Amino acid sequence: MNLESKWLEDFSALAATRSFSQAAERRFVTQPAFSRRIRSLEAALGLTLVNRSRTPVELTAAGQLFLVTARTVVEQLGEVLRHLHHLEGGQGEVMQVAAAHSLALGFFPRWIAQLRNEGLNIATRLVATNVGDAVHALREGGCDLMLAFYDPDAALQMDPEIFPSLHLGNTEMLPVCAADADGKPLFDLEGEASVPLLAYSAGAFLGRSVNLLLRQRSLRFTTIYETAMADSLKSMALEGLGIAWVPHLSVRAELARGELVVCGGPQWHVPLEIRLYRCALVRKANVRLLWRKLENPTGQAPTPT
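Under the UniProt record's numbering, the first residue of the sequence shown is numbered 1, with each subsequent residue one higher.
Hints listed in this document are in silico derivations from the structure and should not be mistaken for laboratory results.
Hints may contain errors.
Unchecked claim - Derived EDC-like pairs (lysine to aspartate or glutamate); straight-line CA-CA distance at most 16 Å:
id, residue 1, residue 2
1, K234, E172
2, K284, E93
3, K6, E25
4, K6, E75
5, K234, E259
6, K293, E118
7, K184, E254
8, K184, E259
9, K184, E239
10, K284, E140
11, K6, E42
12, K234, E254
13, K284, E75
Just so it is clear, the structure is predicted and the values come from calculations on it, not from any experiment.
The task is simple: from the sequences and hints, build the whole structure.
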């Protein structure tokens with residue numbers, strides 16, 4: 001197999017832009033020349049990497065997997081060259097983490113602080129995003145690690161052989177609302193009347209578990225607000241507008257100050273597991289170091305609840 005490194009950079013540019021013309025411009029070549037280089041790459045691999053019948057172009061399943069390897073090779077080659085030119089050593093490596101919004105705010109800072117206290121001084125770059133975009137980034141090499149709540153039903157639709165994961169902790173979603181003058185919940189989940197619901201929008205990751213609970217318990221409710229963001233639901237609950245199911249780690253401070261109260265017993269709680277995902281095809285040194293550390297911990301992990 002005869003591969004040229006520039007083809008890998010071409011392919012990465014095409015994956016980023018989803019456009020042959022834009023990628024060619026980024027690579028400072030004409031579009032016909034760029035297209036020939038992508039076809040040369042496919043011919044060398046014996047694989048079809050790009051679905052050209054779609055606009056914008058899409059990567060095939062093989063293309064998505066190969067993209068991780070292409071980006072890794074380009075990145076490692078760049079690191080070696082920088083090191084040889086004494087411009088940047090291995091300690092300059094930055095580990096990019098994509099995380100669900102609630103975990104980015106409520107879990108990531110304490111987790112990283114714990115790791116650093118245990119002597120693992122890894123430079124990180126955090127991207128807070130929704131779960132779908134985080135999965136896409138991990139699949140296509142846009143991040144090194146993904147921090148997300150585990151979905152036992154869908155399992156994030158990722159092959160565990162290619163995208164292994166580690167358990168980091170547990171928390172739960174709690175039904176919360178503002179309190180009245182006596183510190184009691186403004187709304188009653190066990191009452192006869194319909195309650196105002198601050199809901200997750202259709203397709204939101206956390207919303208699936210909440211919706212299942214509501215169906216199982218036949219709760220009478222009226223949806224007055226929808227969003228995909230748990231922290232936005234928390235803000236609306238603080239204004240006394242309704243009940244929201246929010247991860248405990250997102251409302252610790254508000255519960256401690258009495259600004260929010262839990263308005264339902266354990267039967268209304270939704271368990272959550274926190275997991276860290278990586279791509280087994282990536283050979284980044286700091287990722288391997290962190291993974292070994294987490295697989296063989298010497299201290300106690302931070303309590304997410």
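Looking back at the hints listed earlier, which ones does the structure fail to meet? none
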